[in-house]
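There are 4 protein chains.
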Amino acid sequence: MAGNTFGTLFSISTFGESHGIAIGVIIDGCPAGLPLDLDFIQAELDKRRPGQSKITTQRKESDTVQILSGIFEGKSTGTPIALLIPNEDQRSKDYNHNQTVYRPSHADYTYDAKYGIRDHRGGGRSSARETAARVAAGAIAKLLLKHHGIEIFAHVSAVGTIQAPQLQALEIPELLQIREENIVRCADPAVAKEMIEFIDGIRKDGDTVGGKVSCIIRNCPAGIGEPVFDKLHAELGKAMLSINAVHGFEYGSGFSGSEMRGSEHNDIFLSGGTRAKTVTNFSGGIQGGISNGMEITFNVAFKPVATIMHSQQTINAAGEITEIKGKGRHDPCVVPRAVVIVEAMAALVIADLLLRNKTSKL
Amino acid sequence: MAGNTFGTLFSISTFGESHGIAIGVIIDGCPAGLPLDLDFIQAELDKRRPGQSKITTQRKESDTVQILSGIFEGKSTGTPIALLIPNEDQRSKDYNHNQTVYRPSHADYTYDAKYGIRDHRGGGRSSARETAARVAAGAIAKLLLKHHGIEIFAHVSAVGTIQAPQLQALEIPELLQIREENIVRCADPAVAKEMIEFIDGIRKDGDTVGGKVSCIIRNCPAGIGEPVFDKLHAELGKAMLSINAVHGFEYGSGFSGSEMRGSEHNDIFLSGGTRAKTVTNFSGGIQGGISNGMEITFNVAFKPVATIMHSQQTINAAGEITEIKGKGRHDPCVVPRAVVIVEAMAALVIADLLLRNKTSKL
Amino acid sequence: MAGNTFGTLFSISTFGESHGIAIGVIIDGCPAGLPLDLDFIQAELDKRRPGQSKITTQRKESDTVQILSGIFEGKSTGTPIALLIPNEDQRSKDYNHNQTVYRPSHADYTYDAKYGIRDHRGGGRSSARETAARVAAGAIAKLLLKHHGIEIFAHVSAVGTIQAPQLQALEIPELLQIREENIVRCADPAVAKEMIEFIDGIRKDGDTVGGKVSCIIRNCPAGIGEPVFDKLHAELGKAMLSINAVHGFEYGSGFSGSEMRGSEHNDIFLSGGTRAKTVTNFSGGIQGGISNGMEITFNVAFKPVATIMHSQQTINAAGEITEIKGKGRHDPCVVPRAVVIVEAMAALVIADLLLRNKTSKL
Amino acid sequence: MAGNTFGTLFSISTFGESHGIAIGVIIDGCPAGLPLDLDFIQAELDKRRPGQSKITTQRKESDTVQILSGIFEGKSTGTPIALLIPNEDQRSKDYNHNQTVYRPSHADYTYDAKYGIRDHRGGGRSSARETAARVAAGAIAKLLLKHHGIEIFAHVSAVGTIQAPQLQALEIPELLQIREENIVRCADPAVAKEMIEFIDGIRKDGDTVGGKVSCIIRNCPAGIGEPVFDKLHAELGKAMLSINAVHGFEYGSGFSGSEMRGSEHNDIFLSGGTRAKTVTNFSGGIQGGISNGMEITFNVAFKPVATIMHSQQTINAAGEITEIKGKGRHDPCVVPRAVVIVEAMAALVIADLLLRNKTSKL
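Protein chains in written order, with the working numbering: chain C, 21 to 382; chain A, 21 to 382; chain V, 21 to 382; chain Z, 21 to 382.
Hints were generated in silico from the structure; no laboratory data involved.
Keep in mind that this is a model prediction, so the values were computed, not measured.
Mixed in with the good hints, there may be bad ones.
For identical chains, the list gives no copy identity; a pair is met inside one copy or between any two copies.
Using 30 angstroms as the maximum straight-line C-alpha spacing, the simulated DSSO-like pairs for lysine-lysine come out as follows [what the hints assert, rightly or not]:
| id | residue 1 | residue 2 |
| --- | --- | --- |
| 1 | 67 | 213 |
| 2 | 378 | 166 |
| 3 | 381 | 95 |
| 4 | 345 | 378 |
| 5 | 347 | 297 |
| 6 | 297 | 80 |
| 7 | 213 | 381 |
| 8 | 381 | 166 |
| 9 | 80 | 224 |
| 10 | 95 | 347 |
| 11 | 67 | 297 |
| 12 | 345 | 95 |
| 13 | 347 | 80 |
| 14 | 213 | 80 |
| 15 | 345 | 297 |
Here chain C stands alone, though its shape is the one from the complex (with noise of 0.2 angstroms):
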């Protein structure tokens, strides 16, 4: 396989390029009989699409998904599921200066080292366009998920040093309630209100700034994860840090956890049976890469977006010293939008070990 494919039983493999036809993606494995409700998947891309609000790039795409196999009746029939999201907004001619100028921190250079041949507009397949067609993949997961009971919620949890208190103790509808009700998409509304603020202003500076979101997945039955590489926590960092801008990924106590004695990091169990409880959770939920039934927990590092208003120094194909200056339209800060994909991946996650798990006892 040549990288575009994710996943082993309940298997994406997505397409296209930021300024080509298209994009899409062929789910295959998907089990025959899953309701696929449209709307649902649409309002799952409406939360990823560009122009959304003023703090998000202003490119107008409606994103807008059509199923092109795999359906019958409105149900799955366990044959490979297309989905196509063709493009719409191109400016190709505001990539013109980028077709031999290898732009700071993009993937500009090594894609050309790798490949020899570039589709400069709009980054190409290195655009984090094609990330459309996981989360309209995503949307689907979320439905064979919702099948089964297990909740999916991701927030910002900060962005730049400006950092969301923990979750507070919500079922997972309330906690989405709140955090739609404002465009930075953080589950407090006060700190949401400073990260607006404070991303609009970078934005006004024609810079940019990273930030984190943060994950939980409820309702996981125990023993899903394929030890001893497919572990949980290896699946879902490998599909975090897959999306554009990843830079970290860490899970239950995560970095913080390597300065933990083992005596205040064991999780004491109070019940076992089909799902267990502990009374501490720094195991985010996993043991021995399985999960044990407790809230799965993890955090995703973005880096800030490389392209930026000012005028940098950098190189063109030849290797020569040039200047270039950002065009187009950005976004100042890519977590308001990265929240659905992070849940989207993680729900692709879930429902390929929960497939996989399928065969693990006679």
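Use these hints to put chains A, V and Z onto chain C, whose structure you have.
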């Protein structure tokens, strides 16, 4: 695949339990003609071996490796290389107590939940003993990388809250020499001393502590990595997260990058060609999921070992509350022995992606 | 993977049902820099297209292919190539009768048994319409093979009991020209005439008949094939057997080789080097699962089409005995349209194994 | 993957050369809880073992198998099962003559062409000795099938031009008993006698002869097989073609089906439900690539063994013409020992597709 295979073209499949007859690994896809230096493979295993020093477990395993296949007159033949490491110093009775008791923050409960049966002796398949097979396979990957001039170096960059400073600007053989002169495997002798004392105190307390391993890869050509899912850092992340006790992975600027602005984070190009040079390296040598030729840098967070010599409350398989106290011979801190595991997994990732990159262009 | 992907490095994933919106394919792993000749791809599809002649189905589908991604300025970019073929001439009501009736020797019953739901219109996913996607992808594989000087040629070698003689010793372009001068696609004009008359009679009877396609591959370098499971002929065999209606595969001496003695079957070497020469070629160009440089030869057996215009007894989904009679527009014999499908699958196998062989040696 | 792994969920990876230390196999994905009957595994190996009778090679290998991992208290644990078979009776010097000489119709030339290095002793990796590992793994697959009530039976249906008649309508244990009462493993005692005499004559001539193995699978539920590429018969075909010396595969009506009309070939349904019944079974139990519950039937053609005791012209690695004459201890006809290999590969295919089918429906 049921989770015991890693890699696409240079792939490894490990087998074996902590207290079974042997553990081992099959390497499939190693190019023919590579000299297989058995002394080097054994020397790598010796760095992971238990009983090396006062700050590691006192189990005595020689971890002697044997090559069963895939070699002819000292060279790889292109056929599967099977490596066998017999188990020697099992004291299975040390584990009788946890046959029906679930140790906190271990994989006992989750393996039972998943498989309905569990080899409880020494943790069975969930034991970190399995990583010996990875180190043996990783040694062969290192030999392949050496053939291509690529170097890997990892060391202990933190134990608990004790952090090592930035690596000195030295060649890798020099860094290796400094690292191997202390039993904690930190490239800073002064900090190493502090770490050793700290771990020794922890050990005397019957407690354990977490830590971090940092890794660099030099001379990797530009072009390595398979977007959009099998990005170089996504593969590295999965590889690291699949190691026992790892709770976090970050590359380049990592989590701290999420607090930065684009204008400070962008790595300005100085030159291109077959390997780029940039002023800073917040990208950690990877852009768009593909190596750019700069040094690849990443950090791995390890949680504290779960087995402590204190009495802890827990449950048994029947769900009843009981008590447990660690027996056996365990590491107070895994990072000194994990350094070579991190290097091995990194070598396996790079070897695999090097081969995969051979078909990216006509 | 759920069975809709073929190939390891040059891999295809097809999607789509007979009467859905469109069918299509994603090719992942095509090396960058390959000129993608859309006219050639369309010309290949035209050879599989329904309605070509009086001896094929009279359905009218233009089978117009569109490239959605993976191409820039006429060349492959190394990213996934998505090809779309809209469905046009569906007369879904022709299939109302088999919504709940299981047609004999069709996949209606087995799809219901497997998935519990079935798009009955035109056979849905089990329709041979899916092979149009394979032909489009195979055309791109052929372009890659052409770049390497490798040629593929298949023709109809039998219809019912009418057998074509051995191929004349001609160059492939000449053989192709002879083949395309008759509508049954047999490289022997006299036998072709006989076959056409026979099929026409069968068609008038409302019946169908089986046949054979024979294929040769020339200029394949020695070394292609991945023992011990992914042997060249094992991959070819799987590829051919995956085509609708195929019931048998043999290469080289095939089934008749099972009647021979070693002393007559052994192919005596005349010379070696990068491509061997042997006196005979009972090995069909493959030894130990690896090409030896001689012509690769194999035969494929197709059963008669199951849809006949006669009344037949069958059962419905409730298990009750009922009657069915073929409606719609069907082929009396599939082999004339299958020739290009056999070539396409052969090209895909060789392209994939060519790429895989790039890493066999240091 | 480099070709040494077979199967998706129930997968095997074999290793080892004919004259190395050992051969073996890792089975990954065997569901936990399966009793692993070591005596049964050994008994299966004994049927493939050399030196069984006057019509097989006189090499003496006990082929004693050892389970290294994946078993606890007699049952599979869901972790990889490693099986080891030490090599015993290598007379490597018997092969000194072919270190630089390419034996006709062997894999010597092609392995050198592919890998540039070759373990010439006993054919190295290309030796049929590798199939012992398959038989051991296949025995475990058979235990899984037995748990599901599925039965497999193969026998020698042809040696040279001597053909066995259709199988008698007996239960599989009865067929097995008849088969094992003669050394050629044909289920017809009278024909067996004729075959044995013929092979014995061939052996005395220093020659070899080909043959056919026919296989049936009973009680396979409807629904097994993964269209459109991993059809049940496509997987069976690949499995069989991957066995040394196999030149052809056909299922159901096979090659003779290509001569039939649809009106005679269609299998009329008598009843459906969880397993269909049809009047005839030209479909060989498979429709649209999915089992329909009827008996699965297929035939496998084996070419004559290439090693003969006659002097033959050939070339050496330098390309010079030379002479070679078979030494060592070889089979005059492989089919008696291949029967259990065919069964093993069939069992592996069905086991894998059984597991894969577990996720086809919600």
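* **Unmet hints by their number, sorted upward, for this structure** => 4, 6, 7 and 11
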